[in-house]
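Trainee: Could you put the whole structure together from the sequences, leaning on the hints where they help?
Residues per chain, in single letters:
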Amino acid sequence: MARCRVVLTFPPDKVEKPVAYHLVKDFDLRINILRAKVDLNEEGKLLIEIENHKQEAIQRGLQFVREQGVQVELVDKELQWDDEECTNCGACTAVCRPRALHLEAPDWKLVLDKQKCTACGLCVDACPVKVIRIDF
Amino acid sequence: MSCMSVTRTYDEINEKIKKGKVVVVTADEVAELAAERGVSYVAKNVDVVTTATFGAMCSSGAFLNFGHSDPPIKMAKVWLNDVPAYTGVAAVDAYIGATEMSESRPFEYGGAHVIEDLVAGKPVHLRATAYGTDCYPRREIDTYVTKDSINQAFMFNPRNAYQNYAVAVNSSDRTLYTYMGTLLPRLGNATYSSAGQLSPLLNDPYLRTIGVGTRIFLGGAIGYVAWEGTQHSPGAKRDENGIPLAAASTLAVVGDLKRMDRRYLRAGVMHKYGVTLYVGIGVPIPVLDEEMARFVSVRDEDIKTTVFDYSVPHRSRPNFGHVNYKELRSGYIEVQGKRVPTVPLSSLERAREIAQALKEWVAEGRLLVQEPVQRLPENQVSRPLEVVGLEEIANG
Numbered sequence: 001m002a003r004c005r006v007v008l009t010f011p012p013d014k015v016e017k018p019v020a021y022h023l024v025k026d027f028d029l030r031i032n033i034l035r036a037k038v039d040l041n042e043e044g045k046l047l048i049e050i051e052n053h054k055q056e057a058i059q060r061g062l063q064f065v066r067e068q069g070v071q072v073e074l075v076d077k078e079l080q081w082d083d084e085e086c087t088n089c090g091a092c093t094a095v096c097r098p099r100a101l102h103l104e105a106p107d108w109k110l111v112l113d114k115q116k117c118t119a120c121g122l123c124v125d126a127c128p129v130k131v132i133r134i135d136f
Numbered sequence: 137m138s139c140m141s142v143t144r145t146y147d148e149i150n151e152k153i154k155k156g157k158v159v160v161v162t163a164d165e166v167a168e169l170a171a172e173r174g175v176s177y178v179a180k181n182v183d184v185v186t187t188a189t190f191g192a193m194c195s196s197g198a199f200l201n202f203g204h205s206d207p208p209i210k211m212a213k214v215w216l217n218d219v220p221a222y223t224g225v226a227a228v229d230a231y232i233g234a235t236e237m238s239e240s241r242p243f244e245y246g247g248a249h250v251i252e253d254l255v256a257g258k259p260v261h262l263r264a265t266a267y268g269t270d271c272y273p274r275r276e277i278d279t280y281v282t283k284d285s286i287n288q289a290f291m292f293n294p295r296n297a298y299q300n301y302a303v304a305v306n307s308s309d310r311t312l313y314t315y316m317g318t319l320l321p322r323l324g325n326a327t328y329s330s331a332g333q334l335s336p337l338l339n340d341p342y343l344r345t346i347g348v349g350t351r352i353f354l355g356g357a358i359g360y361v362a363w364e365g366t367q368h369s370p371g372a373k374r375d376e377n378g379i380p381l382a383a384a385s386t387l388a389v390v391g392d393l394k395r396m397d398r399r400y401l402r403a404g405v406m407h408k409y410g411v412t413l414y415v416g417i418g419v420p421i422p423v424l425d426e427e428m429a430r431f432v433s434v435r436d437e438d439i440k441t442t443v444f445d446y447s448v449p450h451r452s453r454p455n456f457g458h459v460n461y462k463e464l465r466s467g468y469i470e471v472q473g474k475r476v477p478t479v480p481l482s483s484l485e486r487a488r489e490i491a492q493a494l495k496e497w498v499a500e501g502r503l504l505v506q507e508p509v510q511r512l513p514e515n516q517v518s519r520p521l522e523v524v525g526l527e528e529i530a531n532g
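Residue numbers (my numbering), protein chains in the order written: chain A, 1 to 136; chain B, 137 to 532.
Keep in mind that the hints were calculated from the coordinates and are not lab data.
C-beta atoms are modelled at their ideal positions from N, C-alpha and C, and glycine is treated no differently.
It is possible that some hints are incorrect.
Listed next, the stretches of chain A that the computed footprint assigns to chain B, with coverage defined by at least 3 CB atoms under 8 Å from CB atoms of chain B [what the hints assert, rightly or not]:
no., segment
1, 26-33
2, 85-96
3, 120-128
Beyond 10 Å from chain B on every Cβ pair, some chain A residues (computed) [as the list claims (entries may be wrong)]:
no., residue
4, 9
5, 45
6, 62
7, 99
Mentor: Here's what the structure looks like:
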């Protein structure tokens with residue numbers, strides 16, 4: 001199964017385009033909306049995970065999205081933190097419902113399972129020393 | 137105690153430290169050693185065990201003396217980077233408390249950050265106002281200080297190193313923002329703070345060797361136990377091995393802020409709760425005899441604590457029974473028949489680093505063990521605060 005995460009950036013005049021609908025209906029892609037920031041007449045952003053058994057199907061779908069005037073950005077580093085500044089206290093893991101962030105034995109250092117991260121951003125606020133960043 | 141049992145004195149241990157012949161291990165290492173070879177082996181072969189914790193300790197702060205300006209000022213209000221400090225003591229003395237928040241950047245910057253910035257050597261903006269006296273005519277001052285420009289900067293924390301602590305859960309339908317971190321609704325998570333088998337006061341449950349004057353690791357420098365900590369409650373309920381089942385004894389500690397290291401002293405913000413200070417504390421425990429060997433050999437599975445429901449905002453919160461630290465470390469506990477993910481709030485990684493650093497200090501002869509000059513109170517429990525009239529309090 002091919003899978004990727006992308007941020008779709010809609011210019012203000014394109015926010016009304018039902019892009020996700022077409023990706024599902026016309027390209028048979030499985031879409032999971034992880035985050036959305038959409039306001040009328042403002043630039044909109046959509047973080048989605050796309051799945052299909054063929055990589056080309058995903059590529060064709062993304063090509064269609066670009067043709068609609070919507071910017072496509074592949075996301076490979078959802079979440080970052082400063083390893084030196086992190087105290088490995090664990091407070092961020094408290095709010096991580098998918099348990100993507102966790103302290104791993106035997107070292108008890110903070111680890112991220114990227115596959116599980118939905119980029120919800122709750123960990124950014126929960127971090128007491130403010131070293132987690134998420135670019136979306 | 138049999139006549140064959142091993143005993144050693146503080147002096148004997150310190151002689152070995154000075155000669156570089158001391159046998160010192162961390163609390164993690166001694167727990168393994170005891171499991172493999174037995175407590176008697178530990179008593180016979182180990183002189184000192186190092187314990188540590190690195191967690192949020194709100195009851196922390198530092199006394200500062202700024203030196204006198206010309207003309208001099210008797211400070212009545214003081215701000216450090218916009219964070220109010222307490223100056224109801226002599227003219228240029230102040231206490232900066234860890235949880236005090238910045239007037240311009242609340243929930244973002246506070247006393248703990250001022251302390252961390254001082255430790256890091258950063259300049260701190262000092263503002264003060266005064267009413268002016270004949271001997272202290274100045275009415276206001278606006279300047280910058282660093283830890284090196286001021287006279288004294290010593291940490292004095294009224295309550296640190298809690299002996300055991302609660303596990304927090306939330307049975308309500310809404311997310312709670314607490315000093316125990318963010319608690320997800322419907323028992324969505326369980327947070328805990330103690331370092332378990334590595335935690336200082338859990339390795340000496342009756343504080344035989346930890347009292348006034350005990351020399352410790354505090355924020356990366358040598359510090360001392362100054363007094364019993366506030367809310368010191370050695371009379372708390374204990375299990376059959378004498379280990380408290382919830383928060384019990386505490387320490388008030390003191391140390392030179394100027395010598396500390398921000399790796400072991402970090403400001404933190406608990407989301408929607410406030411500012412706190414993460415303090416790294418390590419305590420060396422002398423293995424005086426077989427009983428101390430048994431105490432320091434304690435393992436996570438031997439230490440139980442109590443699960444409290446933080447959705448009830450009362451002094452006496454309902455509890456959901458006991459769990460041990462091995463269960464907490466496994467990632468899940470069972471509460472009310474539900475599998476609940478567990479989350480530590482104190483850094484075991486950093487605590488282990490401190491225990492290791494302290495072990496090196498002892499092994500290299502940089503830190504001698506100090507017999508307490510006075511033991512801490514042994515039976516008291518923390519009193520509640522009642523709202524009463526003057527007559528009721530006068531009549532007891």
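Trainee: Find the nearest Cβ of chain B to the Cβ of residue 45(A) and say whether that gap is larger than 10 Å.
Mentor: Residue 45(A) is indeed farther than 10 Å from all Cβ atoms of chain B, at 24 Å.
Trainee: Does residue 99(A) sit more than 10 Å from chain B, CB to CB?
Mentor: Non-interface label on residue 99(A) violated, nearest chain B Cβ at 6 Å vs cutoff 10 Å.
Trainee: Between the segment 26-33 of chain A and chain B, see if three or more residues pass the 8 Å beta-carbon test, and mark the coverage as holds or violated.
Mentor: Violated - the segment 26-33 of chain A has 0 residues with a Cβ nearer than 8 Å to chain B, which falls short of three.
Trainee: Go check the segment 85-96 of chain A versus chain B for me, would you? Three or more residues, Cβ under 8 Å, otherwise it fails.
Mentor: holds (count 8)
Trainee: Any Cβ of chain B at or closer than 10 Å to residue 62(A), or is the non-interface label fine?
Mentor: Residue 62(A) is indeed farther than 10 Å from all Cβ atoms of chain B, at 35 Å.
Trainee: Is residue 9(A) truly not at the interface, in the sense that its beta carbon sits beyond 10 Å from all beta carbons of chain B?
Mentor: At roughly 28 Å from the nearest Cβ of chain B, residue 9(A) sits farther out than 10 Å, so the non-interface label holds.
Trainee: Closer than 8 Å, Cβ to Cβ, for at least three residues: run that test on the segment 120-128 of chain A against chain B and report holds or violated.
Mentor: Satisfied; 4 residues make the cut.
Violated hints, listed in ascending order, are 1 and 7; each of the other numbered hints is respected by the structure.
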